[in-house]
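Peer 1: Given next are the chains, with one letter for each unit.
Protein chains: 2
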Amino acid sequence: MPNNKTAQALAALDSARDATEASLVEWLRIPSVSAQPNHAGDCRRAAEWLVRELAALGFEAGLAETPGHPVVIASHPGPEGQAEGDAQHILIYGHYDVQPPEPLELWHSPPFEPVVTDGPRGRRITARGAVDDKGQVMTWLAALRAWHAVAGAPPVRVTVLVEGEEEIGSPSLDPVLVAEKARLSADVALISDTNMWAYGEPSLTVSLRGMVYVQIDLRLGDRDLHSGLFGGSAGNVLNLLTRILGELKDTDGRVQIPGFYDGVAEPTAQERAAWDALGFNEAAFLGAQGLSVPAGEKGRSAPERLWARPTADVNGIWGGYMGDGTKTVIACEGHAKLSCRLVPGQDPEKVVEGIRQFVQSRLPADAKFTLQVFGKAPAVAVPPDSPWLVAAEAVLEEEFGRKSVRTGGGGSIPVASSLKGVLGLDCLLMGFGLDDDQVHSPNEKFELDCLHSGARAHVRFLGHVAR
Amino acid sequence: MPNNKTAQALAALDSARDATEASLVEWLRIPSVSAQPNHAGDCRRAAEWLVRELAALGFEAGLAETPGHPVVIASHPGPEGQAEGDAQHILIYGHYDVQPPEPLELWHSPPFEPVVTDGPRGRRITARGAVDDKGQVMTWLAALRAWHAVAGAPPVRVTVLVEGEEEIGSPSLDPVLVAEKARLSADVALISDTNMWAYGEPSLTVSLRGMVYVQIDLRLGDRDLHSGLFGGSAGNVLNLLTRILGELKDTDGRVQIPGFYDGVAEPTAQERAAWDALGFNEAAFLGAQGLSVPAGEKGRSAPERLWARPTADVNGIWGGYMGDGTKTVIACEGHAKLSCRLVPGQDPEKVVEGIRQFVQSRLPADAKFTLQVFGKAPAVAVPPDSPWLVAAEAVLEEEFGRKSVRTGGGGSIPVASSLKGVLGLDCLLMGFGLDDDQVHSPNEKFELDCLHSGARAHVRFLGHVAR
Numbered sequence: 001m002p003n004n005k006t007a008q009a010l011a012a013l014d015s016a017r018d019a020t021e022a023s024l025v026e027w028l029r030i031p032s033v034s035a036q037p038n039h040a041g042d043c044r045r046a047a048e049w050l051v052r053e054l055a056a057l058g059f060e061a062g063l064a065e066t067p068g069h070p071v072v073i074a075s076h077p078g079p080e081g082q083a084e085g086d087a088q089h090i091l092i093y094g095h096y097d098v099q100p101p102e103p104l105e106l107w108h109s110p111p112f113e114p115v116v117t118d119g120p121r122g123r124r125i126t127a128r129g130a131v132d133d134k135g136q137v138m139t140w141l142a143a144l145r146a147w148h149a150v151a152g153a154p155p156v157r158v159t160v161l162v163e164g165e166e167e168i169g170s171p172s173l174d175p176v177l178v179a180e181k182a183r184l185s186a187d188v189a190l191i192s193d194t195n196m197w198a199y200g201e202p203s204l205t206v207s208l209r210g211m212v213y214v215q216i217d218l219r220l221g222d223r224d225l226h227s228g229l230f231g232g233s234a235g236n237v238l239n240l241l242t243r244i245l246g247e248l249k250d251t252d253g254r255v256q257i258p259g260f261y262d263g264v265a266e267p268t269a270q271e272r273a274a275w276d277a278l279g280f281n282e283a284a285f286l287g288a289q290g291l292s293v294p295a296g297e298k299g300r301s302a303p304e305r306l307w308a309r310p311t312a313d314v315n316g317i318w319g320g321y322m323g324d325g326t327k328t329v330i331a332c333e334g335h336a337k338l339s340c341r342l343v344p345g346q347d348p349e350k351v352v353e354g355i356r357q358f359v360q361s362r363l364p365a366d367a368k369f370t371l372q373v374f375g376k377a378p379a380v381a382v383p384p385d386s387p388w389l390v391a392a393e394a395v396l397e398e399e400f401g402r403k404s405v406r407t408g409g410g411g412s413i414p415v416a417s418s419l420k421g422v423l424g425l426d427c428l429l430m431g432f433g434l435d436d437d438q439v440h441s442p443n444e445k446f447e448l449d450c451l452h453s454g455a456r457a458h459v460r461f462l463g464h465v466a467r
Numbered sequence: 001m002p003n004n005k006t007a008q009a010l011a012a013l014d015s016a017r018d019a020t021e022a023s024l025v026e027w028l029r030i031p032s033v034s035a036q037p038n039h040a041g042d043c044r045r046a047a048e049w050l051v052r053e054l055a056a057l058g059f060e061a062g063l064a065e066t067p068g069h070p071v072v073i074a075s076h077p078g079p080e081g082q083a084e085g086d087a088q089h090i091l092i093y094g095h096y097d098v099q100p101p102e103p104l105e106l107w108h109s110p111p112f113e114p115v116v117t118d119g120p121r122g123r124r125i126t127a128r129g130a131v132d133d134k135g136q137v138m139t140w141l142a143a144l145r146a147w148h149a150v151a152g153a154p155p156v157r158v159t160v161l162v163e164g165e166e167e168i169g170s171p172s173l174d175p176v177l178v179a180e181k182a183r184l185s186a187d188v189a190l191i192s193d194t195n196m197w198a199y200g201e202p203s204l205t206v207s208l209r210g211m212v213y214v215q216i217d218l219r220l221g222d223r224d225l226h227s228g229l230f231g232g233s234a235g236n237v238l239n240l241l242t243r244i245l246g247e248l249k250d251t252d253g254r255v256q257i258p259g260f261y262d263g264v265a266e267p268t269a270q271e272r273a274a275w276d277a278l279g280f281n282e283a284a285f286l287g288a289q290g291l292s293v294p295a296g297e298k299g300r301s302a303p304e305r306l307w308a309r310p311t312a313d314v315n316g317i318w319g320g321y322m323g324d325g326t327k328t329v330i331a332c333e334g335h336a337k338l339s340c341r342l343v344p345g346q347d348p349e350k351v352v353e354g355i356r357q358f359v360q361s362r363l364p365a366d367a368k369f370t371l372q373v374f375g376k377a378p379a380v381a382v383p384p385d386s387p388w389l390v391a392a393e394a395v396l397e398e399e400f401g402r403k404s405v406r407t408g409g410g411g412s413i414p415v416a417s418s419l420k421g422v423l424g425l426d427c428l429l430m431g432f433g434l435d436d437d438q439v440h441s442p443n444e445k446f447e448l449d450c451l452h453s454g455a456r457a458h459v460r461f462l463g464h465v466a467r
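Line order of the protein sequences matches chains A and B. For the first sequence, the positions run 1 to 467 when my numbering is used. For the second sequence, the positions run 1 to 467 when my numbering is used.
Since the hints were made in silico from the structure, they are not lab data. Quick caveat: nothing in here was measured; it's all calculated off a predicted structure. Some hints could be false.
If you want the ones that stay clear, here's a sample from chain B, every Cβ over 12 angstroms from chain A, calculated [as the list claims (entries may be wrong)]:
| no. | residue |
| --- | --- |
| 1 | GLY41 |
| 2 | HIS148 |
| 3 | GLU397 |
| 4 | ASP435 |
| 5 | ARG467 |
Derived DSS-like pairs (lysine-lysine); straight-line CA-CA distance at most 25 angstroms [claimed, not checked]:
| no. | chain 1 | residue 1 | chain 2 | residue 2 |
| --- | --- | --- | --- | --- |
| 6 | A | LYS249 | B | LYS249 |
| 7 | A | LYS181 | A | LYS350 |
| 8 | A | LYS368 | B | LYS350 |
| 9 | B | LYS249 | A | LYS368 |
| 10 | B | LYS376 | B | LYS181 |
| 11 | A | LYS249 | A | LYS298 |
| 12 | B | LYS403 | B | LYS350 |
| 13 | B | LYS368 | A | LYS249 |
| 14 | A | LYS181 | A | LYS368 |
| 15 | A | LYS376 | A | LYS403 |
| 16 | B | LYS368 | A | LYS298 |
| 17 | B | LYS249 | B | LYS368 |
| 18 | B | LYS403 | B | LYS249 |
| 19 | B | LYS249 | B | LYS350 |
| 20 | B | LYS5 | B | LYS350 |
Glycine residues also receive a C-beta, built at the ideal position from the N, C-alpha and C atoms.
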């Protein structure tokens with residue numbers, strides 16, 4: 001049951017819905033694509049926008065410069081008169097950078113010109129970053145504005161950490177965490193970058209998969225060759241590349257990278273029972289995407305395959321002639337992007353070496369092979385008995401009128417490993433996205449209902465932990 | 001031993017070397033890329049250029065219109081006073097269209113701005129089409145000009161057939177052959193589009209591989225998906241595509257397409273002995289391209305694998321994210337271009353169906369598959385006892401001072417099947433290209449020595465068959 005101040009803050013939040021939406025639209029217009037160097041200026045503008053918004057709420061806010069994109073760090077000591085040592089201190093993490101919007105021709109509206117339209121669940125906002133992650137950061141910003149409106153300050157000590165490289169593997173983050181350790185050493189970190197179990201059904205993500213992301217570059221021969229004059233004698237790098245990638249998994253879906261499963265624990269009977277109890281409908285989950293045949297390791301349930309088993313996915317492949325019609329060429333270069341989601345127990349460094357070995361052992365003597373490593377992050381697991389988890393479950397039940405469920409996350413949030421590793425922080429993963437938000441795809445959207453419910457849950461959470 | 005007129009024609013040819021080279025440069029400037037619709041006008045210009053050049057030699061010359069690019073047909077009855085029935089009638093075939101020049105950034109000079117430079121064998125001309133096929137057609141045009149200069153006419157009845165779609169599988173040619181059958185019914189067809197055995201070592205190609213060329217388009221799912229949220233459950237079309245293409249061959253290099261080898265005859269002991277006698281140096285052949293490990297079926301010699309065994313080469317592949325850095329996507333579309341060189345006995349239609357089955361049988365139920373067929377042509381074999389072959393061997397020995405060798409051709413010239421099928425003509429494949437001409441690659445070149453020697457051999461051939 002919220003106390004009076006919390007109720008006031010909720011009312012202030014509700015009356016500011018239009019302003020919250022307009023604020024999000026403003027932020028979404030900035031094309032802060034971290035992966036593309038020509039948008040570096042936009043990334044900075046998106047960061048500065050947030051600094052201004054937090055400064056307006058009395059936060060000490062600024063940018064930590066890095067070799068890449070800057071990091072927003074803002075802190076507020078909490079209610080006036082509260083001694084620093086007494087207050088709970090929460091760290092709110094998010095990211096202002098977004099995925100590349102390509103392929104542009106598949107967007108119904110331009111990716112950086114947000115539109116609000118009607119959908120099956122009411123209004124939604126469509127833009128790149130609508131949910132991942134600006135919309136979700138907005139659930140915190142709106143909550144902080146509401147507390148500022150009714151109390152002049154958040155009810156606890158709050159530090160906000162919003163980086164600009166999450167989508168490219170956060171290469172510049174760890175040194176910032178080390179340098180700002182004193183300022184960032186909170187009692188818990190809160191990350192809003194995950195999904196609800198379903199619309200109206202809140203969940204807390206208690207584990208996240210890690211990731212390694214590489215690019216395989218193969219070269220066979222000095223130049224492209226005529227496939228008639230050389231076919232049957234000259235090696236073909238695209239036949240080679242496809243043969244190698246084609247062997248990534250056996251017929252049971254088990255990944256063949258050497259040492260891949262070293263350290264991977266089987267789920268407990270308890271975990272399996274809890275997942276079965278969720279009633280995950282894989283047919284509907286896949287059917288919504290025009291799919292029907294589950295991939296992944298045979299004999300394991302969908303939650304297990306999505307949350308507790310590692311993967312190997314080819315994210316892109318190219319080489320040879322890709323234009324109209326025919327070109328009878330044996331190409332000399334082939335490339336592929338490959339990423340693996342990791343589970344607790346797997347060492348990202350060892351997985352990278354396994355990939356290197358996997359490719360190298362399949363190469364003829366005259367092939368040239370380069371492996372570019374774009375990202376490495378181990379999986380994280382949140383302690384199941386954490387009091388913060390219990391607190392979050394309580395406020396979610398208050399807001400949504402039903403118990404929240406504990407799920408695993410299929411996606412990776414490498415910063416969770418960094419926050420644990422550098423700052424010793426456990427992370428609470430409480431998010432308000434939905435599976436059909438089309439994250440990383442064209443026409444990414446965020447239900448406005450989820451935006452406002454998420455902000456309300458955050459208002460409640462701040463009030464709850466202050467007591 | 002050439003007669004007086006042949007000697008005079010050779011002298012006239014030799015004195016016109018500069019003019020021959022300048023004429024070729026002029027023709028090479030026209031970017032007659034048949035595969036790219038935006039060059040349709042250039043294709044027509046290249047055809048009209050040849051019509052004018054032949055008309056200037058007294059040929060009745062014009063264009064046969066088609067749904068695609070026009071075909072140049074030009075005829076000359078031979079010496080004045082010669083009765084039509086008496087004269088030998090030769091058909092000269094070539095093509096004015098050229099391969100796409102991409103990738104442009106690898107050319108040392110622009111592909112349609114011919115340059116003459118010095119090389120290990122004297123001067124060479126570099127441009128797209130320098131040898132394939134404008135340079136080789138020029139060996140005939142120069143020979144005809146020389147005979148015109150000294151005799152006012154070629155010494156035999158000559159019909160010239162130069163099409164504009166050879167590089168895209170000659171889709172419009174057969175109806176022209178049918179429609180113009182009377183005009184094109186010669187005693188033999190001569191095709192200059194093949195290579196010499198080596199520099200200074202002439203050869204006659206007595207067999208040509210056929211070809212099928214397809215594009216495989218796969219779709220899995222309605223949209224691109226986030227690889228964390230969906231990895232382990234959703235099928236990945238690029239993992240699927242690479243697995244399928246990776247199974248094209250077994251570890252002995254044998255192609256796994258169903259029915260692929262039906263009708264393929266083993267070479268005779270005689271053929272194998274003749275090939276062994278050639279002393280084909282595969283290490284040098286591959287070494288010149290920066291390769292060292294032979295591909296193709298284990299346990300067979302290089303000439304056998306290049307001339308008498310079919311192949312399956314992936315010519316291009318693409319799908320997913322191909323830009324800078326990372327995008328953690330499970331793509332919904334993947335594409336590949338695949339072509340097979342065929343040998344006598346294989347039915348192109350059946351090979352296409354075999355490819356279709358090969359892919360279809362490896363698809364999950366929710367995959368969508370389209371097969372685009374860009375070209376189909378069976379292999380051809382030239383009768384080894386043909387008197388035309390004997391005549392060609394004689395003039396090549398005169399010109400080059402050594403016996404010519406009989407080789408197979410790795411590449412396909414589908415028109416050879418058409419000329420046989422529609423007009424009943426055997427084809428003499430006498431060409432002057434070299435293996436390092438970089439046909440179908442950037443920096444395609446033609447040795448000027450080969451241009452002029454080829455023209456001289458053709459002058460001799462015309463004189464020889466007139467007797």
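Peer 1: None of the hints should be skipped; say for each whether it holds.
Peer 2: Structure-based check of all given hints:
1. No Cβ of chain A comes within 12 angstroms of the Cβ of GLY41 (chain B); the nearest lies about 17 angstroms off, and the non-interface call holds.
2. Its beta-carbon lying about 34 angstroms from the closest one in chain A, HIS148 (chain B) satisfies the requirement of being farther than 12 angstroms from that chain.
3. No Cβ of chain A comes within 12 angstroms of the Cβ of GLU397 (chain B); the nearest lies about 25 angstroms off, and the non-interface call holds.
4. Not every Cβ of chain A is farther than 12 angstroms from the Cβ of ASP435 (chain B); the closest lies at roughly 7 angstroms, contradicting the non-interface assignment.
5. No beta-carbon of chain A is positioned within 12 angstroms of the beta-carbon of ARG467 (chain B); the least distance is around 35 angstroms.
6. Between LYS249 (chain A) and LYS249 (chain B) the CA atoms are separated by roughly 18 angstroms; this keeps the pair inside 25 angstroms, and the hint holds.
7. Proximity of LYS181 (chain A) to LYS350 (chain A) is assessed by CA-CA distance (about 29 angstroms); at most 25 angstroms being required, the pair is judged violated.
8. Proximity of LYS368 (chain A) to LYS350 (chain B) is assessed by CA-CA distance (about 36 angstroms); at most 25 angstroms being required, the pair is judged violated.
9. Only pairs whose Cα atoms come within 25 angstroms are accepted, and LYS249 (chain B) paired with LYS368 (chain A) is accepted, the gap being roughly 21 angstroms.
10. Under the criterion of a C-alpha separation no larger than 25 angstroms, the hint pairing LYS376 (chain B) with LYS181 (chain B) is consistent with the structure, at around 22 angstroms.
11. For the proposed pair LYS249 (chain A) and LYS298 (chain A), the alpha carbon gap of about 12 angstroms is at most 25 angstroms, so the pair holds.
12. The suggested pairing of LYS403 (chain B) with LYS350 (chain B) is violated, with an alpha-carbon distance near 39 angstroms, which exceeds 25 angstroms.
13. Restraint check: the Cα-Cα separation between LYS368 (chain B) and LYS249 (chain A) comes to about 21 angstroms, which is no more than 25 angstroms; the hinted pair holds.
14. For the hint linking LYS181 (chain A) to LYS368 (chain A), the alpha-carbon distance of about 43 angstroms lies beyond 25 angstroms, and the restraint is violated.
15. Distance check on the hinted pair: LYS376 (chain A) and LYS403 (chain A) sit about 35 angstroms apart at the alpha-carbon level, beyond 25 angstroms; violated.
16. For the proposed pair LYS368 (chain B) and LYS298 (chain A), the alpha carbon gap of about 22 angstroms is at most 25 angstroms, so the pair holds.
17. Between LYS249 (chain B) and LYS368 (chain B) the alpha-carbon distance is near 23 angstroms, which keeps this suggested pair within the 25 angstroms criterion.
18. For the suggested pair LYS403 (chain B) and LYS249 (chain B), the alpha carbons sit about 39 angstroms apart, so the restraint of at most 25 angstroms is broken.
19. A hinted pair counts as satisfied when its Cα atoms are at most 25 angstroms apart, and LYS249 (chain B) with LYS350 (chain B) qualifies at roughly 18 angstroms.
20. In summary, the hint linking LYS5 (chain B) to LYS350 (chain B) is not supported, as the alpha carbons are separated by about 51 angstroms, beyond the 25 angstroms threshold.
Checked against the numbered hints given earlier, this structure breaks hints 4, 7, 8, 12, 14, 15, 18, 20; the rest are met.
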